Amino acid sequence: MAKEINLERFYPYPIEKVWNAIATSEALGDWLMPNDFKLEIGYEFTFKTKPQPGFDGVVKCTVIDFVVPTRLSYTWQGGPLKKPTTVSFELKSKANGTVLSFKHSGFEGFINQYIVRFILGSGWKDLLFKKIKLYLDK
Numbered sequence: 001m002a003k004e005i006n007l008e009r010f011y012p013y014p015i016e017k018v019w020n021a022i023a024t025s026e027a028l029g030d031w032l033m034p035n036d037f038k039l040e041i042g043y044e045f046t047f048k049t050k051p052q053p054g055f056d057g058v059v060k061c062t063v064i065d066f067v068v069p070t071r072l073s074y075t076w077q078g079g080p081l082k083k084p085t086t087v088s089f090e091l092k093s094k095a096n097g098t099v100l101s102f103k104h105s106g107f108e109g110f111i112n113q114y115i116v117r118f119i120l121g122s123g124w125k126d127l128l129f130k131k132i133k134l135y136l137d138k
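Be aware that the sequence shown starts at 1, since it is given in the numbering used here, and climbs by one per residue.
Read the hints as simulated data drawn from the structure, not as lab findings. All values reported here derive from a predicted model rather than from experimental measurement.
Simulated crosslink set (EDC-like; lysine to aspartate or glutamate; CA at most 20 Å straight-line): (1) Lys48 x Glu26; (2) Lys131 x Asp30; (3) Lys103 x Glu4; (4) Lys130 x Glu8; (5) Lys94 x Glu8; (6) Lys48 x Asp126; (7) Lys17 x Asp137; (8) Lys60 x Glu44; (9) Lys60 x Glu40; (10) Lys83 x Asp56; (11) Lys103 x Asp126; (12) Lys50 x Asp36; (13) Lys83 x Glu4; (14) Lys60 x Asp36; (15) Lys103 x Glu90; (16) Lys48 x Asp36; (17) Lys125 x Asp137; (18) Lys138 x Asp126; (19) Lys60 x Glu26; (20) Lys130 x Asp30; (21) Lys38 x Glu16; (22) Lys131 x Glu8.
Make the full structure from the sequences, and use the hints.
In structure tokens form, the structure reads like this:
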């Protein structure tokens, strides 16, 4: 079975504000990467960043599921990931804020299960624990 990245984070903001941060192109461009995202099932979009060795800087994605304002999933494929993986966000409203549960799954093969997952896991931690928080704090 393929390994996955699972993270959970609490933000002291209403669910609508956190939803906006994960489900709009402008917000994603601020804390994640420049993109042409649209909240439409089947919509193909890309994230673009600085190329690295073995990675052209382009992540190809397709929106596969969403329920406003609680769930969003899209495929994620780029660099050494020859097959699409899945990125999923689940939001739960609490009296004093919102809990975001994040999962990046579908890593296949030794390199992707261990090395790529480790690199992406570190990146997602930084993004969800620091960068999105800076965006929400604005």
